[in-house]
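Just so you know, the sequences run in chain order A and B.
Heads up: the first sequence begins at 0 in numbering that gives the first Met the number 0, then just goes up one per residue.
Heads up: the second sequence begins at 0 in numbering that gives the first Met the number 0, then just goes up one per residue.
Just so you know, these hints were derived from the structure itself, not from any lab.
Glycine included, C-beta positions come from ideal geometry on N, C-alpha and C.
Hints should not be assumed to be uniformly reliable.
[Stated by the list, open to error] In the DSSO-like style, the derived pairs of lysine-lysine whose C-alpha atoms are separated by at most 27 Å in a straight line are: (1) B:Lys-213 x A:Lys-149; (2) A:Lys-146 x B:Lys-39; (3) A:Lys-190 x A:Lys-146; (4) A:Lys-329 x A:Lys-314; (5) A:Lys-190 x A:Lys-149; (6) B:Lys-213 x A:Lys-151; (7) B:Lys-39 x A:Lys-30; (8) B:Lys-186 x B:Lys-39.
[Said to hold, decoys possible] Label pairs and their in silico Cβ distance ranges: (9) A:Leu-148 x B:Ala-195: 37 to 47 Å; (10) A:Glu-144 x B:Ala-195: 13 to 23 Å; (11) B:Gly-257 x A:Gly-41: 21 to 31 Å; (12) B:Ala-133 x A:Lys-30: 33 to 43 Å; (13) B:Phe-41 x A:Gln-317: 28 to 38 Å; (14) B:Tyr-269 x A:Gly-202: 50 to 60 Å; (15) B:Trp-29 x A:Val-393: 47 to 57 Å; (16) A:His-27 x B:Arg-272: 12 to 22 Å; (17) A:Gly-41 x B:Pro-159: 31 to 41 Å; (18) A:Phe-19 x B:Val-191: 26 to 36 Å; (19) A:Arg-32 x B:Leu-48: 39 to 49 Å; (20) B:Leu-217 x A:Asn-170: 52 to 62 Å.
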Amino acid sequence: MNAPGEGAPAVVVDGVSKTFAIPHERVHTLKERALHPLRRAGKDVLHALKDVSFEVQPGEFFGIVGRNGSGKSTLLKCMAGIYSVGGGQIYVNGRLATFIELGVGFNPDLAARDNILLNAVMLGLSPREARQRVDKVLDFAELDEFKELKLKNYSSGMQVRLAFSVMIQVNADILLIDEVLAVGDAAFQQKCFDEFNRLRDEGRTILFVTHDMSAVRRFCHRAVLLERGELVSLGEPEEVARDYIRLNFPEQAVSAGDLDIEQLGDRPAYILEAWFEDENGDHQPQMPQGTRCVLKARVSFRQVIRDPSFGATLKDDQGKAVFSTSTIYKQEETGVFRPGDEAVFALEFENLLVPGRYYATIDIANRGSGAFLIDQRDRAATIISTGGAMGGGVVNLPHELSVVRQESAVPEEAPS
Amino acid sequence: MNAVAERFGTPIKGPSALAGDPRRFLHLTWTLAVLEFRLKFFGSVLGYLWQLMRPLMLFGVMLFVFTRAVRLGSGVTQYPVVLLTGIVLFTFFSECTGGAVTAVVDREGLVRKIHFPRLVIPLSVVLTAYFNLALNFIAVLIFMLARGVDPRWSWLQIFPLLLFLGLFATGVAMILSSTYVRYRDVKPIWEVVLQAIFYGSAIFFPIENIPSVKLQHLIMCNPLAAVVQQARHALIDPTSPSAGQAIGGDTRLLIPLGITLFLAVVGFWYFNREAPRIAEEL
């Protein structure tokens, strides 16, 4: 036996490459093959993984992140032994359990109980061990009352719960988990998180593929970022998560679009451009959370306008306004502008936004009752907030957390 | 290589036909076969009855046709028992191979998501067919005793015969299940071939009634026909020719034996070669 010595890594990925040949035309039948025995259709070669190397230490909670098609699931399947690697080698030190996509190959016609048995045996238990753990699995999945129900009658969330529970209960040394948290209700997700924490504290090695940066920050000791099959970043989850967001929102998509003069017509004033900059006045497509941030807009006037109001609204990806302000609320008199005048409207704020992309809408309006809109530009500028805490919600308010135990008024009550 | 293994642990070899712990291999084959069997058994309202019905219906029709209409079976000792035994043996072969064709593709969910020795799939199909065969043979046994066939020691020959037939079926099953992943017309083709095998295996006609002796010998080269004939000789009618006599000399039995071994080896080689790619081809 090749018993690895103490301190050996749990998983070694050593220069792994994987290519898929995608033929232009697939031969699906023997008939076609017989009719055209010599025809070889051309094929595209897809490099799913290119020379990826890293090591995972025992007891590590290791995140694998990347955009769709970046090769992370292929990597996981190679580690699980489902795909053979094209080049390089993967070494694993301990028993593996995999959780890949939905359902882990359940048979829809079998009852939950039988599927658990099958899965547990698949993952390396003996049939007897599997039978002993059926109840535990059902218990954890909270599906005890449905144990005789056929899997085809399960909802997808229930199937995931079942699959996840099986994986947890087989007591493998190394767990490969792909996108579990996408399904399952909030309560079960919380349970998964608790279980993750418990596994982590037990010192199991977990490799975890996800899109959820908050989960990466919350659980992972280290993480790796893949892009087009290549390893882009490896290290602290915080940094990797930041790189991931940077990858997702490339810079060219961020700069304010050029102004289309044709659209302007003959309005009394135009918003020429808008951008975000940092405290030093440099244009910035991204701003780390917690820093000062300035939104600026250049406005040109064509008519005499007295005391117009300037407003700005920040909207998130879903178009939901997260913050809105206007000079109306603060500054009654902005001055008189004549044709040919230009003005720069600036909004300085502390970036408390949770990581993600935000759009600024700028508007100019006539003052007075029934504020008349002169010009408005939706998505005039874009900013990506990076780093910082991502606890849900839209803003990360400055906050303190504390827990203070209160002396119980009722003495010596046995916990029920 | 060993030094590397010592430092890093076991290299992951990727999917294959056999890889890994042999105990796990057996556990998996067993579990898959049992579940599949249970599914058929309890899957429909009539469950096992349907399983038994198919060979019995075929048996009923053929019995009527060949004893009343065509009289192919006249002059054959215990023709109904011979016919039923042949049909049950053929059903086993047809379940093994016909079931194996789509087996790998049907278990796509498992193949694409879990690492396990791929050979488990065709083997579990064969094992499930054995379970069915065992039950069907109980029916055959009852029928034999009811028809007054005397128990003899030569009945024990059925066990090596069934093992041999299982090996033959496994060889074919391995080839079919891995070919079907790539060529989907294997299924209709095999259905036709199975029909041909049924008619060519001396199941409903006695081999000795074929006028051409050469043709008799040729038919006996088919391992299934050889098993059916030997079963008839050993189980039902000692006066009927044994497989060795029917093929024209015991040494010639090496031909069906050779075919079986050849198919088993080639089947394994081919399946083993295809196994790493199955998950990607699906």
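Going down the list of hints, with the structure as the test:
For the suggested pair Lys-213 (chain B) and Lys-149 (chain A), the alpha carbons sit about 55 Å apart, so the restraint of at most 27 Å is broken. Of the pairs offered as hints, the one joining Lys-146 (chain A) and Lys-39 (chain B) holds, with about 19 Å between alpha carbons and a cut-off of 27 Å not exceeded. Taking the CA atoms of Lys-190 (chain A) and Lys-146 (chain A), the gap is near 20 Å; set against the 27 Å cutoff, the hint holds. Straight-line distance between C-alpha atoms of Lys-329 (chain A) and Lys-314 (chain A) comes to about 21 Å, which keeps the hinted pair within the 27 Å bound.
Taking the CA atoms of Lys-190 (chain A) and Lys-149 (chain A), the gap is near 24 Å; set against the 27 Å cutoff, the hint holds. Between Lys-213 (chain B) and Lys-151 (chain A) the alpha-carbon distance is near 55 Å, which puts this suggested pair outside the 27 Å criterion. For the suggested pair Lys-39 (chain B) and Lys-30 (chain A), the alpha carbons sit about 33 Å apart, so the restraint of at most 27 Å is broken. A C-alpha spacing of about 21 Å is found between Lys-186 (chain B) and Lys-39 (chain B), which places the hinted pair at or below 27 Å, so the restraint holds.
Between Leu-148 (chain A) and Ala-195 (chain B) the CB atoms are about 43 Å apart, so this pair conforms to the stated range of 37 to 47 Å. Separated by about 52 Å at the C-beta atoms, Glu-144 (chain A) and Ala-195 (chain B) break the suggested range of 13 to 23 Å. The given range of 21 to 31 Å is broken by Gly-257 (chain B) and Gly-41 (chain A), whose C-beta atoms sit roughly 42 Å from each other. Distance hint for Ala-133 (chain B) and Lys-30 (chain A): a CB-CB separation of about 38 Å, consistent with the stated range 33 to 43 Å.
At about 49 Å, the CB distance of Phe-41 (chain B) to Gln-317 (chain A) disagrees with the hint of 28 to 38 Å. Here the CB-CB span from Tyr-269 (chain B) to Gly-202 (chain A) is close to 44 Å, at odds with the stated 50 to 60 Å. Distance hint check for Trp-29 (chain B) and Val-393 (chain A): the Cβ-Cβ separation is about 55 Å, which falls inside the suggested range of 47 to 57 Å. Taking the beta carbon of each, His-27 (chain A) and Arg-272 (chain B) are about 20 Å apart, inside 12 to 22 Å as hinted.
Checked against the given bound of 31 to 41 Å, the beta carbons of Gly-41 (chain A) and Pro-159 (chain B), roughly 52 Å apart, lie outside it. Taking the beta carbon of each, Phe-19 (chain A) and Val-191 (chain B) are about 34 Å apart, inside 26 to 36 Å as hinted. At roughly 42 Å, the beta-carbon separation of Arg-32 (chain A) and Leu-48 (chain B) lies within the given 39 to 49 Å, and the hint holds. Remark: the range hint 52 to 62 Å for Leu-217 (chain B) to Asn-170 (chain A) is upheld by a beta-carbon distance near 58 Å.
Violated hints for the displayed structure, listed by number in ascending order: 1, 6, 7, 10, 11, 13, 14 and 17.
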